[in-house]
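Just so you know, the protein sequences line up as chains A and B, in that order.
To convert a position in the first sequence, counted from 1, into our numbering, add 57.
To convert a position in the second sequence, counted from 1, into our numbering, add 16.
Just so you know, the hints here were simulated from the structure itself, not pulled from any lab data.
A quick note: this is a predicted structure, and the numbers were derived from the prediction, not measured.
Even glycine gets a Cβ: it sits at the ideal position worked out from N, Cα and C.
Please note that the accuracy of each hint is not assured.
[Said to hold, decoys possible] Some chain A residues well away from chain B (every beta-carbon gap over 12 Å; in silico):
#: 1; residue: PRO97
#: 2; residue: ALA123
#: 3; residue: SER141
#: 4; residue: SER179
#: 5; residue: GLU181
#: 6; residue: GLU188
#: 7; residue: GLY228
#: 8; residue: LEU230
#: 9; residue: ASN234
#: 10; residue: ALA244
#: 11; residue: HIS258
[To be verified] Below are the SDA-like pairs computed for lysine to any residue, each with C-alpha atoms no more than 20 Å apart in a straight line:
#: 12; chain 1: B; residue 1: LYS142; chain 2: A; residue 2: ASP231
#: 13; chain 1: B; residue 1: LYS97; chain 2: B; residue 2: ASN121
#: 14; chain 1: A; residue 1: LYS219; chain 2: A; residue 2: ALA123
#: 15; chain 1: B; residue 1: LYS142; chain 2: A; residue 2: ASP267
#: 16; chain 1: B; residue 1: LYS142; chain 2: B; residue 2: ILE152
#: 17; chain 1: B; residue 1: LYS142; chain 2: A; residue 2: LYS219
#: 18; chain 1: B; residue 1: LYS59; chain 2: B; residue 2: GLN49
#: 19; chain 1: B; residue 1: LYS142; chain 2: A; residue 2: LEU241
#: 20; chain 1: B; residue 1: LYS142; chain 2: A; residue 2: ALA244
#: 21; chain 1: B; residue 1: LYS76; chain 2: B; residue 2: ALA55
#: 22; chain 1: B; residue 1: LYS142; chain 2: A; residue 2: ASN234
#: 23; chain 1: B; residue 1: LYS142; chain 2: A; residue 2: GLN240
#: 24; chain 1: B; residue 1: LYS142; chain 2: B; residue 2: CYS153
#: 25; chain 1: B; residue 1: LYS77; chain 2: B; residue 2: THR116
#: 26; chain 1: B; residue 1: LYS142; chain 2: A; residue 2: ARG237
#: 27; chain 1: B; residue 1: LYS142; chain 2: A; residue 2: ALA123
#: 28; chain 1: B; residue 1: LYS59; chain 2: B; residue 2: VAL88
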Amino acid sequence: MPTEPLLTAEDLHLSFGPTTALESASVEVHAGEVLALMGPSGSGKSTLLHCLAGILTPDSGRVTYAGRDLTALHDNERSALRRSEFGFVFQFGQLVPELTCVENVALPLRLGGASRRAALRSAEAWLERLEVSDVAGKRPGQASGGQGQRVAVARALVTRPKVVFADEPTGALDSLNGERVMQLFVAAARDTGAAVVLVTHEPRVAAYSDHEAVVRDGRVRAREYVR
Amino acid sequence: MLGLLEGGPRHGYDLKRSYDERFGQDRPLAYGQVYSTLARLLKNGLVEVESEPGAGPERKKYAITDAGVSDVTGWLDRPEKPEPYLQSTLYTKVVLALLTGHDANDVLDTQRSAHLRLMRDLTRRKNDGDLADQLICDHALFHLEADLRWLELTAARLQQLAAQVRA
């Protein structure tokens with residue numbers, strides 16, 4: 058790779074009590090790339106994602122984002138960074154059930170200080186991009202699983218983050234809905250230039266990535282660059 | 017057969033029996049095939065003969081050479097061209113890796129990487145293509161995914177498998 062990586066994990070170790078979750082795990086993500094973290098259940102791939110996103114702090118090792126050592130930042134600095142530079146998509150949308158879908162998408166912009174009107178306008182555009190304008194005024198509970206995940210993708214991308222972290226984003230969807238979510242998600246992320254770190258155990262989902270890293274027993278076993 | 021010799025020198029008969037036990041459920045090796053293969057391996061310097069005093073040709077013991085060991089390692093390190101119904105070759109590689117002390121996870125990771133490379137091409141073709149492309153690519157993608165799921169399961173079973181094949 059000719060350029061410096063945007064996000065790097067170096068020699069991460071993390072234990073939960075007697076259980077070792079990460080053992081000398083290292084991985085790199087370049088700007089605009091889609092990296093799939095694969096591996097069996099309990100291998101440490103989600104833990105690695107949480108460390109890369111600054112949600113978990115490793116016992117030792119370093120996570121560097123755009124030249125900044127995430128592990129050395131204060132909690133409030135890390136939170137601010139997550140809000141402004143990172144986006145998140147989880148297996149079950151994790152949308153706020155009391156808000157409508159468009160309000161859910163507008164929420165990160167509102168938290169970042171945007172006016173209600175500007176935030177809603179931007180959110181509507183993203184829902185249209187993800188082909189779910191028809192659920193804008195509905196609450197998440199009234200949308201289907203596939204629609205809910207597209208709303209979650211819109212919410213993750215609305216702030217134009219530099220990195221989107223996605224943990225099994227299609228894990229709860231059937232093949233056709235999962236495929237559409239991945240197509241729209243990856244195309245939109247590529248258009249905005251965001252890097253994507255994608256945790257998945259599904260090879261067909263990993264096939265949307267540029268390369269994969271295999272996590273086994275808390276270690277990163279292999280990494281393949283294919284662009 | 018060459019991989020089986022990495023465990024130690026064997027007679028042609030032992031080699032056939034060992035092969036049939038592990039890989040020949042549907043198609044046991046013919047004796048003619050065993051000896052013609054050994055002759056070819058001998059000619060190529062991948063095996064050598066350890067003769068026993070006063071023994072006939074069927075009492076010859078064959079041992080793997082350093083070149084033979086390199087050949088087996090090279091084969092294990094090389095991914096198979098991803099295509100449906102590879103299971104028997106992949107199974108052979110995984111079992112031989114375990115028998116010869118190679119890391120079977122490396123075989124699996126190498127193969128996963130080759131499979132995913134093809135799956136990425138198919139996914140791009142599908143996304144850019146018409147309905148016919150989508151249907152054809154879906155079929156190939158699901159079969160390749162089945163291979164990979166089998167590889168993952170095999171990885172998860174490695175400890176048990178190692179105990180069985182070494183017994």
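Structure-based check of all given hints:
Not every Cβ of chain B is farther than 12 Å from the Cβ of PRO97 of chain A; the closest lies at roughly 6 Å, contradicting the non-interface assignment. ALA123 of chain A, annotated as away from the interface, keeps every beta carbon of chain B farther than 12 Å; the closest lies near 27 Å. For SER141 of chain A, the requirement that its beta carbon stay farther than 12 Å from each beta carbon of chain B is met, with the minimum near 31 Å. Here SER179 of chain A stays apart from chain B, with its beta-carbon at least about 26 Å from theirs, past the 12 Å limit.
The beta carbon of GLU181 of chain A sits about 26 Å from the closest Cβ of chain B, which is more than 12 Å, so the claim that it is off the interface holds. With 12 Å as the threshold on Cβ separation, the claim that GLU188 of chain A sits away from chain B holds: the shortest Cβ distance comes to roughly 15 Å. Here GLY228 of chain A stays apart from chain B, with its beta-carbon at least about 15 Å from theirs, past the 12 Å limit. For LEU230 of chain A, the non-interface assignment is confirmed: its Cβ lies about 16 Å from the closest Cβ of chain B, beyond the 12 Å cut-off.
With a closest Cβ-Cβ approach of about 14 Å to chain B, ASN234 of chain A is found to remain outside the 12 Å limit, as its non-interface label requires. Some Cβ of chain B comes within 12 Å of the Cβ of ALA244 of chain A; the nearest lies about 8 Å off, and the non-interface call is violated. A Cβ of chain B approaches the Cβ of HIS258 of chain A within 12 Å, the least distance being about 8 Å, so the stated non-interface status is violated. A C-alpha spacing of about 18 Å is found between LYS142 of chain B and ASP231 of chain A, which places the hinted pair at or below 20 Å, so the restraint holds.
Distance hint between LYS97 of chain B and ASN121 of chain B is fulfilled; the C-alpha atoms sit about 18 Å from each other, no more than 20 Å. Distance hint between LYS219 of chain A and ALA123 of chain A is fulfilled; the C-alpha atoms sit about 10 Å from each other, no more than 20 Å. Straight-line distance between C-alpha atoms of LYS142 of chain B and ASP267 of chain A comes to about 16 Å, which keeps the hinted pair within the 20 Å bound. About 8 Å separates the Cα atoms of LYS142 of chain B and ILE152 of chain B, which keeps this hinted pair within 20 Å; it holds.
For a cut-off of 20 Å, the pair hint linking LYS142 of chain B to LYS219 of chain A is broken: about 27 Å separates their Cα positions. For the hint pairing LYS59 of chain B with GLN49 of chain B, the CA-to-CA distance comes to about 15 Å; that is within 20 Å, so the pair holds. A threshold of 20 Å between alpha carbons decides the hint, and for LYS142 of chain B with LEU241 of chain A the separation of about 14 Å falls inside it, so the pair holds. Using a Cα cut-off of 20 Å, the hinted pair LYS142 of chain B and ALA244 of chain A holds, with the two alpha carbons roughly 14 Å apart.
Among the hinted pairs, LYS76 of chain B with ALA55 of chain B is consistent with the structure: their alpha-carbon atoms are about 12 Å apart, no more than 20 Å. With a C-alpha separation of about 15 Å, the suggested pairing of LYS142 of chain B with ASN234 of chain A holds against the 20 Å cut-off. A hinted pair counts as satisfied when its Cα atoms are at most 20 Å apart, and LYS142 of chain B with GLN240 of chain A qualifies at roughly 11 Å. Distance hint between LYS142 of chain B and CYS153 of chain B is fulfilled; the C-alpha atoms sit about 6 Å from each other, no more than 20 Å.
Between LYS77 of chain B and THR116 of chain B the alpha-carbon distance is near 19 Å, which keeps this suggested pair within the 20 Å criterion. Distance restraint check for LYS142 of chain B and ARG237 of chain A: the Cα-Cα separation of roughly 12 Å lies within the 20 Å cut-off, and the hinted pair is therefore satisfied. Taking the CA atoms of LYS142 of chain B and ALA123 of chain A, the gap is near 34 Å; set against the 20 Å cutoff, the hint is violated. With a C-alpha separation of about 16 Å, the suggested pair LYS59 of chain B and VAL88 of chain B falls inside the 20 Å cut-off, and the hint holds.
Hint compliance for this structure: hints 1, 10, 11, 17, 27 are broken, all remaining hints hold.
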